[in-house]
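Chemist: Here's the letter readout for the chains.
There are 2 protein chains.
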Amino acid sequence: MSKTIATFYHAGCPVCLDAESAITRYLDTTKVNLEVVHLGTAKNRVAEAEAAGVKSVPALVVGGQTLHLNFGAPMSALK
Amino acid sequence: MSKTIATFYHAGCPVCLDAESAITRYLDTTKVNLEVVHLGTAKNRVAEAEAAGVKSVPALVVGGQTLHLNFGAPMSALK
Numbered sequence: 000m001s002k003t004i005a006t007f008y009h010a011g012c013p014v015c016l017d018a019e020s021a022i023t024r025y026l027d028t029t030k031v032n033l034e035v036v037h038l039g040t041a042k043n044r045v046a047e048a049e050a051a052g053v054k055s056v057p058a059l060v061v062g063g064q065t066l067h068l069n070f071g072a073p074m075s076a077l078k
Numbered sequence: 000m001s002k003t004i005a006t007f008y009h010a011g012c013p014v015c016l017d018a019e020s021a022i023t024r025y026l027d028t029t030k031v032n033l034e035v036v037h038l039g040t041a042k043n044r045v046a047e048a049e050a051a052g053v054k055s056v057p058a059l060v061v062g063g064q065t066l067h068l069n070f071g072a073p074m075s076a077l078k
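Protein chains in written order, with numbering that gives the first Met the number 0: chain A, 0 to 78; chain B, 0 to 78.
Worth flagging that the hints you see were computed from the coordinates, not collected in a lab.
Check each hint, because a few of them may be wrong.
Identical copies carry no separate label here, and so any pair may be met within one copy or between two of them.
[Claimed, not checked] Straight-line alpha carbon distances no greater than 20 Å define the calculated DMTMM-like cross-link-like pairs of lysine to aspartate or glutamate that follow:
#1 LYS30 - GLU49
#2 LYS30 - GLU19
#3 LYS30 - GLU47
#4 LYS54 - ASP17
#5 LYS30 - ASP17
#6 LYS42 - GLU19
#7 LYS78 - ASP17
#8 LYS54 - ASP27
Using the sequences and the hints, build the whole thing.
Modeler: Laid out in structure tokens, this is it:
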């Protein structure tokens, strides 16, 4: 069975790092391939994140769902 | 190694159910014991959730971190 792709979008903020710590520790890596994307440095990925429904970071897109994990920064701060 | 306790607080709202679906599907159950708490019916758990820093549901408390997953309802709506 192929793994689900999970993408964690962040911007290096303290709230982002806390969420990343929990995600990387507790996400089931037998089921998902996790990619971590820093939108502050990979600005070319901002449009892709917005298309997936990401309104703020940190956010996790997995299995067709977009989960905002607490609130670090709005997408508008990353453009 | 003993498992980490994870508690998912919700109130049966649509946003809650979407988040619960992702959490129960992708959380690594070899590392965590997940408990799902419906604060609409288990009102006696509201104080415990607030003590853990839960401001709204759905939220996941795991490994000392409190992650609000999107926004369904404020805690004030559950009292």
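Chemist: Indicate which option fits the pair LYS54, ASP27 if close means a Cα-Cα distance not exceeding 20 Å: within, between, both or neither.
Modeler: neither (25 Å within a copy, 26 Å between copies)
Chemist: Can you give me the call for LYS30 and GLU19, within, between, both or neither, at a CA distance of at most 20 Å?
Modeler: For LYS30 and GLU19, the Cα distance is within 20 Å both inside one copy (18 Å) and across copies (16 Å).
Chemist: Go through the copies and call it for LYS30 and ASP17: within, between, both or neither, with a Cα cutoff of 20 Å.
Modeler: Classified as between; 18 Å across copies, 22 Å inside a copy.
Chemist: Have a look at LYS30 and GLU49 and pick one of within, between, both or neither, based on CA distance no larger than 20 Å.
Modeler: neither (24 Å within a copy, 32 Å between copies)
Chemist: First find the shortest C-alpha distance between LYS78 and ASP17 inside one copy, then the shortest across copies, and answer within, between, both or neither for a cut-off of 20 Å.
Modeler: Neither: 23 Å inside a copy, 29 Å across copies.
Chemist: Is it within a copy, between copies, both, or neither that the alpha carbon of LYS30 lies no farther than 20 Å from that of GLU47?
Modeler: neither (23 Å within a copy, 31 Å between copies)
Chemist: Please work out whether the CA atoms of LYS42 and GLU19 approach to 20 Å or closer within one copy, between two copies, in both situations, or in neither?
Modeler: within (19 Å within a copy, 30 Å between copies)
Chemist: For the identical chains here, do LYS54 and ASP17 meet the 20 Å Cα criterion within one copy, between copies, both, or neither?
Modeler: Cα proximity of LYS54 and ASP17: in one copy and across copies (18 Å, 17 Å).
Hint check: violations occur at hints 1, 3, 7, 8; the rest are consistent with the structure.
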